[in-house]
Amino acid sequence: MNKDLISDRQFFMLIFVSITSLTYFSVPTMLVPAVKQDLWLSMVIGTVIDIYVAYLLAWLGRAYPGQSLVQYSVTILGKAGYALGFIFILFFAVVICLSLFIFSNFLSSTLLVGTPLIVLTSTMAVAAGWAAYNGIETIARLAEIISVLILLVSVAGVLISIPQLELSNLLPQLENGAWPAVKASVYPASWFGVCILMGMVMPHHNNPKRTFKLKASAVLLGASIMTLWLLNSIAALGQEVVGRLYYPVYAFTRTIQLVFLERVDILMMLVYISGTFITLSVLYYIAAEGAAQLFGTRSHRKWILPFGVLVTILPVLPPFGKNMLHTFKVFEFWFPLTALLVEGGLTTLLFVAALFRNRKKKPS
Amino acid sequence: MKNDAFPDHSSSSELEDNSCIPFKSGLGDNLETIQVELGYSSDLSIREFKLGSAAVPAAILWINSMNDAHSLDQNVIAPLLERGSRMEIVPTADGIYEQLCDSVIFSGEVALAESVDSVLTRLLSGASVLLVDGMTKGVTIGNTGYETRSIQEPSSTSVVRGPRDGFVESLSVNVSLIRRRIRDKRLHVEVMTVGSVSHTQIALLYLRHRAPKQVVEEVRERLKRIQIDAVLESNYIEEIIKDAPRSIFPTVYISERPDDIAGGALEGRVVVIVDGSPFVLLLPCTFFHLMQTAEDYYLAFPIAAFVRWLRLIGLYITLLFPALYVGILSFHPEMVPPELLSSILAAREGVPFPLLIEALLMELTFEGLREAGVRMPRAIGSAISIVGALVIGESAVSAGIISPPTIIVVAGTAIASFIIPSVELSGAVRLLRFFMLLFASILGLYGIVLGMMLLGIHLTTIKSVGTPYLAPIAPFKSKEALKTVFRLPWWIVRTKKN
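The listed protein sequences derive, respectively, from chains A and B. Take the first sequence: its letter number 353 is residue 353 in the working numbering, and every next letter is one higher. So the number in the working numbering is just where the residue sits in the second sequence, counting from 1, plus 1000.
Treat the hints with care, as some may be off.
[Said to hold, decoys possible] Just some of the chain B residues that point at chain A, by a computed CB distance under 7 Å:
#, residue
1, M1335
2, Y1446
3, L1450
4, A1474
5, F1476
Keep in mind that the hints were calculated from the coordinates and are not lab data. Where is the CB? At the ideal position from N, CA and C, for every residue including glycine.
My request is simple: use the sequences and hints to build the entire structure.
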């Protein structure tokens, strides 16, 4: 079979882009008001959790070479594996919906004020759907270009903002002890954990031995850049202001002025929009591919349209859309809970089950 | 016996489709058959004579306008009459033709033809045919000769520094123009015939040790699969063999310059030359290949690198300038520095159209002017430029119908679009500019990013004979990418290659 393969660099870039763009749009809203200057600890814990999951997935991926997350769940658990695979696919679909919602909400309150959500979700879903239709190779190639942009913009942004920093804004550190930061680490952990998409992408990686190393370094790089961004924005704007903002990084970039450009923030946002596009495309692709593998469809392409309709419609329906209180509840409580259960819990379950299976096999 | 200069690979299969007409033994019958087949065309000439001491009837046939009359007289008819009449020739004996070809006919290119059909094909491509009474074969003598354009500087591209010869409409001349530059035994030339009516010759050229085998095979396969009645220009072939035929991006490189094509062959690409067209195809072709010119390699390397970047900037300006203008002014005016914004707004005072309509109107006007200018005779061309500059530029602004900033944007786009070296790519980008304009007018900058993403997905999806279109940037290959972004000096490239 002629499988789409992606190189080391492309794999690294895919993960890096996903981490940064998810963090740019999704994480800060919950994380920053909760812990403010202590967020670095949450980010560190989130990263550690994610690397732990990455280790499990890398182990599983090498134990069952050529199989994706969905496929080896079935191999390991048999009938129950179908349920597990279904949960994974559902989870990917939910993540697409949620990040689409956050993204569209963000755009409609900053860049395109007053644009109906459905316009934004549908355009993005169509674009990402088309990317997913064309397969992982295409997405990975585009990610190569965009990740360089993101990296440049992020580093440049951090450098430019140095004169505005008030480091005293970052003090006192851990004034309420470490516990709130540890508790808040569920937010970054749940979003970083979306990178269990690695389990689906791994069979496409042409060098599975290096998958774990690449994934870990990509997450480290992405997380540290975003932590720097968040800390920078707190240092520049002050804890009080940042605590009341929905999108602190964005608010912070608004204050940056570059030579004659008045609004660097918009340019930066455009770059992160393209990053989100990549993330959504990958998620979309693996959801469709997972569904194809689970239900034995030959091509993932048949699943693009159903998923497209789903992710376009869902984000604009209640409990999203109108009722912000509900939405808030979803992002504050339900999403981290399910995400951690799926990302951490189910993968660990799989890992343990696989260990047992292997042990059983060896004596016989 | 010598073969044709170009061994013919596919014509036999093409001919087998027709009912094969065999030769009869009588000369008169054969001449009759040929005349009937050609519908007694008046440009068919027949010269009958007697051969050898036994006075065997024989005839030379040729198509008037396709044949080099001088060469025919000197090399075929004169020796046949002079020496052939003195020879001992036994009618119906085998080996007459061998004898004649070996020691009588002077022409370089002679071949035996087994059937009337093959004789007709050769006849119609300009060869002359020798038929001897009693023989069920014929000899074709390749002294094709018709007027061709002399080698001139190509009009589609001109250079400041570099060779000034350009391809012409003749296949053999074009092959020679490449052979002259690459005198290597490993430069292979394969000729095939395409077109059930036009019988156009196509040559496939490649350097055996540099062109990847699978690429050569793929191109050969694609050429063999072509089913078409006539080929009048290389674009016919290009459209049939190109990857992603629905894409508006060119995935085949086209050039009128032999040095350009020879450079491509040296890089391991496959050359396709179509008889009758001075535009030669080169595969595979990537996006960045289209952004380069042969002249890059004749200029000082820092300047060449600068020019390459300039082209890339030009590409983006062509694609995005009008879209950014409309998108930013209608959705995000706060992005523009206040002084600039106020001067733009002041200039737009009293303009009756919305920004999008204004921009579209001017862009379309420019496209119209450009198209009109291309095909106009030179005398009328100046009238068009006057009309364009005065009527559209001056009057529209002074009448307050169009604002000056829009004119500036359109003019800037126009200039930028001329920087792109490939006409096909420039056309694609110019067309996409309108889509970008629409995206920007609906969704502002988000629309532009969305459009760029869609474009990016398309560009990363398409391939040209197995090479990703955006190679070597995506997928990234550091060495080749360096060569693409900068024009490395020869002393670096050379040492690495050797």
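Status of the hints after comparison with the structure:
| no. | hint | in the structure |
| --- | --- | --- |
| 1 | M1335 | holds (4 Å) |
| 2 | Y1446 | holds (6 Å) |
| 3 | L1450 | holds (6 Å) |
| 4 | A1474 | holds (4 Å) |
| 5 | F1476 | holds (5 Å) |
Checked against the numbered hints listed earlier, the structure breaks none of them; every hint is satisfied.
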